[in-house]
Amino acid sequence: MAESYLPLLILIVLALGFGAVVLVLPALLGPREINKQKMQPYESGIIPFTSPRRRFPVKYYLVAMLFLVFDVEVIFLYPWAAVLRDMGVFALVAMAPFLLVLVLGFVYELKKGALHWR
Amino acid sequence: MDWLNLLVYPAVRVLVLFFVLLTGFAYLTWYERKLLARFQVRYGPNRAGRFGLLQPLADAIKALFKEEIVPDHVDRPVYLLAPALAIVPALIIWAVIPVAKDFPAVADVPIGILWILAVAGIEGYGVILAGWSSNNNYSLLGALRSSAQMISYELPLGIFLVSILVLAGTFSLVELVEMSRPWWEWLWLWLVFPLFFICILAETNRSPFDLPETENELVAGFQTEYGGMKFALFFMAEYINMITTSAIMATLFFGGWKGPFADQYVWLGPVYLFIKVVALLFLFIWVRASVSRPRWDQLMRFSWQFLLPVSLMHLMGSAVFTVFLK
Chain A
1273 MAESYLPLLI LIVLALGFGA VVLVLPALLG PREINKQKMQ PYESGIIPFT
1323 SPRRRFPVKY YLVAMLFLVF DVEVIFLYPW AAVLRDMGVF ALVAMAPFLL
1373 VLVLGFVYEL KKGALHWR
Chain B
4 MDWLNLLVYP AVRVLVLFFV LLTGFAYLTW YERKLLARFQ VRYGPNRAGR
54 FGLLQPLADA IKALFKEEIV PDHVDRPVYL LAPALAIVPA LIIWAVIPVA
104 KDFPAVADVP IGILWILAVA GIEGYGVILA GWSSNNNYSL LGALRSSAQM
154 ISYELPLGIF LVSILVLAGT FSLVELVEMS RPWWEWLWLW LVFPLFFICI
204 LAETNRSPFD LPETENELVA GFQTEYGGMK FALFFMAEYI NMITTSAIMA
254 TLFFGGWKGP FADQYVWLGP VYLFIKVVAL LFLFIWVRAS VSRPRWDQLM
304 RFSWQFLLPV SLMHLMGSAV FTVFLK
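As given, the protein sequences belong to chains A and B, one line each in that order.
When we follow the working numbering, the leftmost residue of the first sequence carries the number 1273, and every step to the right adds one.
When we follow the working numbering, the leftmost residue of the second sequence carries the number 4, and every step to the right adds one.
Here chain A stands alone, though its shape is the one from the complex (with noise of 0.2 Å):
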């Protein structure tokens, strides 16, 4: 059983020797002339005057926040799935009460305003 994923190793390992070679390759073959304008940050050719190392907006953490909260509870629905079939209307009924929570949830969330992008 083990040795069917074998080839999945093999293909993730081939596959990083390839993106090493790929990148190793062009350093070798190219020319090198090395100046100080290449070495700026680009900025449509204006010198940066601020650092991108800064806050940014807190909007963006809101939405990672909310779909981990839905993504763990999509992770519960794989394994529901595969067996749906085999359980038939007693794993319909157990999974209504966790859809619910989850329909529940999103509502107050759409409710809130915290779905809305301002």
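Everything labelled a hint here was simulated from the structure, so no lab data went into it.
Take the hints with a grain of salt, since some may be wrong.
[As the list claims (entries may be wrong)] Selected chain A positions facing chain B (Cβ under 7 Å, derived; list incomplete):
#1 P1279
#2 I1282
#3 L1283
#4 A1299
#5 L1301
#6 Y1314
#7 Y1332
#8 G1360
#9 L1364
The C-beta atom is built at its ideal place from N, Cα and C for all residues, glycine as well.
Here the structure of chain A is known, so what remains is to put chain B in place on it, guided by the hints.
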């Protein structure tokens, strides 16, 4: 002879897969440029070789001989790692897609759909790390947008996949293609195909959802500080992802390798899959040529307030259908 079966045979399969994907990527760039040109009543590339067919080759050689620049202000290890993190998932996601009868691209594992989800989850890192490590204002904005957009559209995408999973009752894509389905199930699936396709467009950062790299406000977004082969790797990852997602959509919604006589003649399987993938890629490019970008708040609202509830409803419908009609 055991090691031959265990190591050499899969390795050969993997190398063939890489060759097909990289050639596919090269000619997809040609296909896109040609099509976009025709949409805009131009000729497109037609200098290198007949119909410009050698253009991808010329581009590859050019990218290979470009100067490698690692600017002073970047976070060096992460900056160099990011393009590799973009290309590796793009290459390995193909493993479980069946290309002919009983013949997945690399390995027949019982967890096909989970593999796709897991690898697609890694895909975001390349973009986000590239944008963060570049230490450039444009790049950071691009990376922020990209991460928010990707997770927002991953959610409905995941729920649509659960819905398909409920109907199929198996994680294996090989079995999923081979099972016969009643007509109402196809209709129920095709009902959400446009929405699934929109999620895919957003996940692959394709136009009209290319807000992470909007040329006219963010230069090139997260890839602004990348040049030469490192830029080509991001480019490659995006285009291979287009091919891959087209193949996934063909497998989930349009029967994958299936077609007339594909059961008797195994070699017809890849041909049918190829035709379906090319048709779906045409759709990608058609959308790019005709639809304008949404505003950022529209993009987020569409995912959270429309796609998410619709995908949940589709899931509930699928569950009820499966329990009572099958």
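key: Supplied contact hint for A:G1360, tested at 7 Å Cβ to chain B   = Hint on A:G1360: holds, closest Cβ of chain B at ~5 Å, below 7 Å.
message = Min Cβ distance, A:L1364 to chain B: is it shorter than 7 Å?
response = The hint holds - A:L1364 has a Cβ within 7 Å of chain B, the shortest such distance being about 5 Å.
query = Given A:P1279 as an interface hint, is the shortest Cβ-Cβ distance to chain B below 7 Å?
reply = Since the shortest Cβ distance to chain B is 4 Å, the answer is holds.
message = Does A:Y1332 hold up as a contact with chain B if the rule is Cβ-Cβ below 7 Å?
response = holds (5 Å)
query = Is the hint on A:I1282 kept, meaning its closest Cβ partner in chain B is under 7 Å away?
reply = Because about 5 Å separates A:I1282 from the closest Cβ in chain B, which is inside the 7 Å limit, the hint holds.
ask   = Holds or violated: is the Cβ of A:A1299 closer than 7 Å to a Cβ in chain B?
value = holds (4 Å)
task = With chain B as the partner, please determine if A:L1283 meets the hint condition of a C-beta pair closer than 7 Å.
result = A:L1283 check passes; min Cβ-Cβ to chain B is 5 Å, inside 7 Å.
query = Holds or violated: is the Cβ of A:Y1314 closer than 7 Å to a Cβ in chain B?
reply = holds (5 Å)
task = Go through the hint on A:L1301 and say holds or violated, using the shortest Cβ distance to chain B against 7 Å.
result = holds (5 Å)
The structure meets every hint from the earlier list without exception.
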